[in-house]
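Chemist: Listed below are the residues making up each chain.
Number of protein chains: 2
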Amino acid sequence: MATVNRQITLASRPVGFPKVSDFHLVYSPVASPAAGEVLVRSIYLSLDPYMRGRMSDADSYARPVAIGEVMTGGAVALVMDSQDAKLRVGDAVEGMLGWQEYAVAQGRELRKIDQRLGPISTALGVLGMPGLTAFFGLLDVCDPQRGETVVVSGAAGAVGTLVGQIAKIKGCRVVGVAGSDAKISWLLDELGFDAAFNYKTAADCYGTLKDLCPDGIDVYFDNVGGAITDAVLRLINVKARISVCGQISQYNLEEPELGPRWLGQLIVKQAKVQGFLVSGYAERFPEGLRQLATWLKQGKLKYREDVAQGIEAAPQAFIGMLRGRNQGKQLVQLSEL
Amino acid sequence: MATVNRQITLASRPVGFPKVSDFHLVYSPVASPAAGEVLVRSIYLSLDPYMRGRMSDADSYARPVAIGEVMTGGAVALVMDSQDAKLRVGDAVEGMLGWQEYAVAQGRELRKIDQRLGPISTALGVLGMPGLTAFFGLLDVCDPQRGETVVVSGAAGAVGTLVGQIAKIKGCRVVGVAGSDAKISWLLDELGFDAAFNYKTAADCYGTLKDLCPDGIDVYFDNVGGAITDAVLRLINVKARISVCGQISQYNLEEPELGPRWLGQLIVKQAKVQGFLVSGYAERFPEGLRQLATWLKQGKLKYREDVAQGIEAAPQAFIGMLRGRNQGKQLVQLSEL
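In order, the protein sequences belong to chains B and X.
Here the numbering used here is used: the first residue of the first sequence is 811, the next is one more, and so on.
Here the numbering used here is used: the first residue of the second sequence is 811, the next is one more, and so on.
Looking at chain B on its own, in the form it has when it is part of the complex:
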């Protein structure tokens, strides 16, 4: 049994984009589980944009990570020692285990993973939080109908790729916005998007979107915000539905940014904008996972993973993800299965 746990803690609150020096690598003893707890060894750590919010002490829906505290994050792991009757040594679990190699957690806060549904890492992607986020954020908030035009920002991200593919399953015309030509090719050539463009090189985001959406925009799934969303709003149709999942363009600004006001456009278009957190759908997770697993088995959902190696690689991989350098779901492998 290992006795040393390597952890990444928050060293300082970042101003603008996080730097590697905002994190510390620390060593601590591996703890033992008390009654109701388990000790786990993490296999994959998930890196996600929401974590940028936890590094800030601004008012939010979740408590920020304290300075010196282990960074928060989801991971898949194997149970090494159990004081919870419902979990056995060797079970695969998923939960908020943090940026560390070993964790002691309450058994009831972990989700047991059925490895027959897919590789263990999918519990952090298509069969985990990103999959459920795409599923409920698109289907419950927007109810897309066959033939409608669906635009997705952050289209090549872990959530965006699934939103686009689910919209295709529903018979929609899907237009993706992403930040590199390689991502655009992937969306068009492998994931079946009807159109996509690189917002970083498009001379005119609004004009490009207008060309790619000749029938206007019925549904918009927003991971990014900022200028892309400004352009989309000018092109929405009557009764458009907008699901707001993330605003990654705003997370690393040193000063809040101003933008055009568009509530008048919502009136004229009788349109809805709805923010959501996947945690708001917790009671319906089994329904979502069942459907996602079926589509995965049917080959209707494809995914890619971008895997960094070792806990010490997590800060740089996280910063790269915030800058859009990952291709597919960003993971960090912490140990072998």
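Simulated from the structure, these hints should not be mistaken for laboratory data.
Mixed in with the good hints, there may be bad ones.
Same chains, same names: a pair is fine if it fits in one copy or spans any two.
[What the hints assert, rightly or not] Below, in silico cross-link-like pairs of lysine-lysine (DSS-like), each with a Cα-Cα straight-line distance of 25 Å or less:
1) K1049 x K1020
2) K1082 x K980
3) K1107 x K1082
Given the coordinates of chain B, assemble chain X onto it according to the supplied hints.
Modeler: Chain X in isolation, oriented as in the chain B frame:
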């Protein structure tokens, strides 16, 4: 039978606030109704903020008024001559009759008024478009629950006063934002609002709202937009619902205004913002009017009217309303009942 019709036409498209010189008073012969049409004499003309949009040729949900065309607007009128089997001479009707003393209209585009429900002018207020706007925009979009805090901007307007009173009927705590101390007194002393403040003299809109809404804001009915809405958004609760009815602060700007971005707040609060047009509820108008008439009869809905005299007074009264100088529903009396 009168032979001369006095009309107000659009003389020029205003830049910023309309001026009296943007309108013309013209004389024309009174027309005769063809098959299916009626000739009516208007009693009251309604003046409403949406008309500012019709004076502009920017893209909107409705065709703009052309230069030289009679200004569009709702009115109540008496039938003088009928070529429609469903309407008789002397019937009271409501419809989009325009800024003029006489009109020829399609009988099927007019709503027959039951004068037993209230004075004929109420068909332009509590028992007309403003009443239905308040009813569906509050109840259908926001579904306010007993004990929730409801904030209304433009609270002393034709729609705002009714939104506040309907929210009180539903057992909510109601906070109004309006633009004069006289309006605030009226909201507090006569209409039963729990709190209200004058945004024009409040040193700090956000701080004042925060004091007046100690439990946060669950529902916001927005007629105004701009800085008031910016302040409200910072104070919304989880699962807040925002109904966007108007944006009068923006209608007369010479250049579009920038504002803070707040989609991140919608995510954190899992909140909804919904724009609407009352016309989207046309099929449910009878249901709304029935309930409004019942509340009116029960004394649960109070209203005031600000009545200008004569068609020639309409431009100045309209400009005054855009500047918030009216107290209660702005009407123009065009003839005696």
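Chemist: Are the hints correct? Go through all of them and say.
Modeler: Do the hints match the structure? See the list:
1. For a Cα distance limit of 25 Å, the shortest separation of K1049 from K1020 inside one copy, 18 Å, qualifies, whereas the shortest one across copies, 33 Å, does not.
2. Taking the closest pair of Cα atoms, K1082 and K980 come within 25 Å of each other both inside a single copy (20 Å) and across two copies (24 Å).
3. In this homomeric assembly, K1107 and K1082 never come within 25 Å of each other (Cα to Cα): the closest approach is 34 Å inside a single copy and 34 Å across copies.
Consistency note: the structure conflicts with earlier hint 3 alone.
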